[in-house]
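S.K.: Sequence:
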Amino acid sequence: MDQVPKLPRPLRPLLPALESPDVTAGAQRHFTLPRKRTLIKGACQTCRKRKVKSRKEEDVHDIVRRIRRGDSTRAILQQLRDGDLLLQMSLVPQSWCRYSFPLAREMPLFLNARDNPYLNSLIYKETMEYPDVRATNENNKAPTYFNRLIQYHLPYHAAKFVDPRLSSGNMIHWTSVSVTGALFSELLQMYFLYEYPIFPFLHMDSFLEDLVTSRRQFCSSLLVNAVLAAGCQGYAKIANRTEFWNPRTLQYQFSAEARRLWDMEADSPSLTTIQAGLIMSLTCNVNGVDKAGWSYLVRATAMANRLQIFEDLLDTTRRRIRDARALTSWSLFLWQSMHYFNLINWLMEPFTVPETTYTGGEATGASSFQAVEETVPEALVINAKISLETVFRLYYMRHGFEIFDPLMLQFHSFVGFMALKELSDGREKPPGLVKALQSTLALATLGLRDQGKNSYLGDTIFRILRDMAASKHALPANEIIAMSKEDEDTKAEIAEHINSQFPINVVSIADDPEPHRVESLISQYKEIELDNQSDRSEMGCSPRDC
455 MDQVPKLPRP
465 LRPLLPALES
475 PDVTAGAQRH
485 FTLPRKRTLI
495 KGACQTCRKR
505 KVKSRKEEDV
515 HDIVRRIRRG
525 DSTRAILQQL
535 RDGDLLLQMS
545 LVPQSWCRYS
555 FPLAREMPLF
565 LNARDNPYLN
575 SLIYKETMEY
585 PDVRATNENN
595 KAPTYFNRLI
605 QYHLPYHAAK
615 FVDPRLSSGN
625 MIHWTSVSVT
635 GALFSELLQM
645 YFLYEYPIFP
655 FLHMDSFLED
665 LVTSRRQFCS
675 SLLVNAVLAA
685 GCQGYAKIAN
695 RTEFWNPRTL
705 QYQFSAEARR
715 LWDMEADSPS
725 LTTIQAGLIM
735 SLTCNVNGVD
745 KAGWSYLVRA
755 TAMANRLQIF
765 EDLLDTTRRR
775 IRDARALTSW
785 SLFLWQSMHY
795 FNLINWLMEP
805 FTVPETTYTG
815 GEATGASSFQ
825 AVEETVPEAL
835 VINAKISLET
845 VFRLYYMRHG
855 FEIFDPLMLQ
865 FHSFVGFMAL
875 KELSDGREKP
885 PGLVKALQST
895 LALATLGLRD
905 QGKNSYLGDT
915 IFRILRDMAA
925 SKHALPANEI
935 IAMSKEDEDT
945 KAEIAEHINS
955 QFPINVVSIA
965 DDPEPHRVES
975 LISQYKEIEL
985 DNQSDRSEMG
995 CSPRDC
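End of the sequence shown sits at 1000 in the numbering used here; the numbers just go up one at a time, nothing left out.
Hints listed in this document are in silico derivations from the structure and should not be mistaken for laboratory results. Careful: at least some of the hints might be erroneous.
With a straight-line cut-off of 25 Å between C-alpha atoms, the simulated DSS-like cross-links for lysine-lysine are [to be verified]:
1. 839 x 883
2. 883 x 907
3. 875 x 889
4. 839 x 745
5. 839 x 926
6. 579 x 839
7. 745 x 691
8. 839 x 889
9. 907 x 745
10. 691 x 889
11. 614 x 883
12. 883 x 926
13. 875 x 839
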């Protein structure tokens, strides 16, 4: 008898789940999914303490071998803390940078004055305080915050000038000097990175557009050679870039070509010729031949008056032309005013136009000048010096003095000779104040030494200040030796090549600038060198080494 096959047992029917009492009819139900665990590439230290057994056997054996070998406890702990490659990959490299002062490592106490406006500034806070890296990593807004303040954390020499127009290979035809396209672009980058932000004699966008397209409205061979000669000042790959008289240097070759074109175009003024004259004037000044620089400035100003770039243009003039003329006119005015401040005697003949008598009320005048009358002039000078040195030190702490900065020459000279004058005035001072003034003098002297690698005037002022400090024993002997150079052969060249009326060692408006001009100090510099030869032998170095 055949057996009937057994059917599979039917599954138990599933009934719908009971509605919860708080759910109304027709409403959609929402289910909350469990929160997804965040994936972390590197474990924190707390997790590592709890999961000791998770360490690999190879790591354990390595630790045991180190203990048996007799390694120090510090070395073993450092290996445990820093030897994890996975953890090292999760770390962010530190981009914060700060330079240290000579002699005294911290800010002088006399700069912590109550009226010092820079103590509460953002630049002071971001420069003086060390960043908390752990708090930065935990803060979600940290990347945005630090990107916004990156100029306060990185030195200026870490910046790069990036412009796609400089990668064009069709530019070297502007100069007859034999250079490669890469060197041509690098010299342009040096100019726009170091000199142009301070003295923008030309409109950068208009110049670069015409440079790559071979147009001659805002670009010319004269202007290009002047720019390239100026770019050589801050190009660290050129060893003897301060020897502007040396025919083998690039700056001499570009300057010679620019002078040749300048003589050809002097009778036909144009905007590019004016811009080239201003750049050549600045190049002459930073190399200690400001008499030649003054002649370029005078001729450029005469051309500007002939072209009427100081006058208002019609509304129909193109915006590109208006912007280029306006920028050049204001830059010319700035550069000319600095020349007049340093070189021109202000006590001239009175104007023929009679003065206009002020007819305002006495109450207005009294209210306007009340604060000035109640303020002691000596206190104003002290506060100004404190503010100047605070900014001077903040600049050094963040950026250093190695990069080429033509404007800083004046501040190095002023701060250095001001500190030297206070140290050698013969008055008794507390030891802390003497050390702070010596730190200021050493800092300014080191800054002039660094600038002397980029400009001949900086090298000249550095040698004068250094030897004056040595003759007056204003600095320790080891600091004088540390700041000395080996290339003392240039001392004979200074008197031959320097032709400068730039005043240095002028720290008061009442000082007569004539005996403090560079040319006048050159003769004193030779006498100081003769007096210091005996001092150098006592320091333990020969004249050649010091």
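S.K.: So, for every hint listed, does it hold in this structure?
M.R.: Against the structure, the hints come out as follows:
1. 839 x 883: holds, 18 Å
2. 883 x 907: Not satisfied, since the Cα-Cα distance of roughly 35 Å exceeds 25 Å.
3. 875 x 889: Holds. Residue 875 to residue 889 sits at ~14 Å (cutoff 25 Å).
4. 839 x 745: violated, 30 Å
5. 839 x 926: holds, 22 Å
6. 579 x 839: holds, 20 Å
7. 745 x 691: With Cα atoms ~29 Å apart, residue 745 and residue 691 exceed 25 Å; violated.
8. 839 x 889: Given that 25 Å is the threshold and the Cα spacing comes to 17 Å, the pair holds.
9. 907 x 745: holds, 22 Å
10. 691 x 889: violated, 36 Å
11. 614 x 883: violated, 45 Å
12. 883 x 926: holds, 16 Å
13. 875 x 839: Holds, at roughly 13 Å.
Hint check: violations occur at hints 2, 4, 7, 10 and 11; the rest are consistent with the structure.
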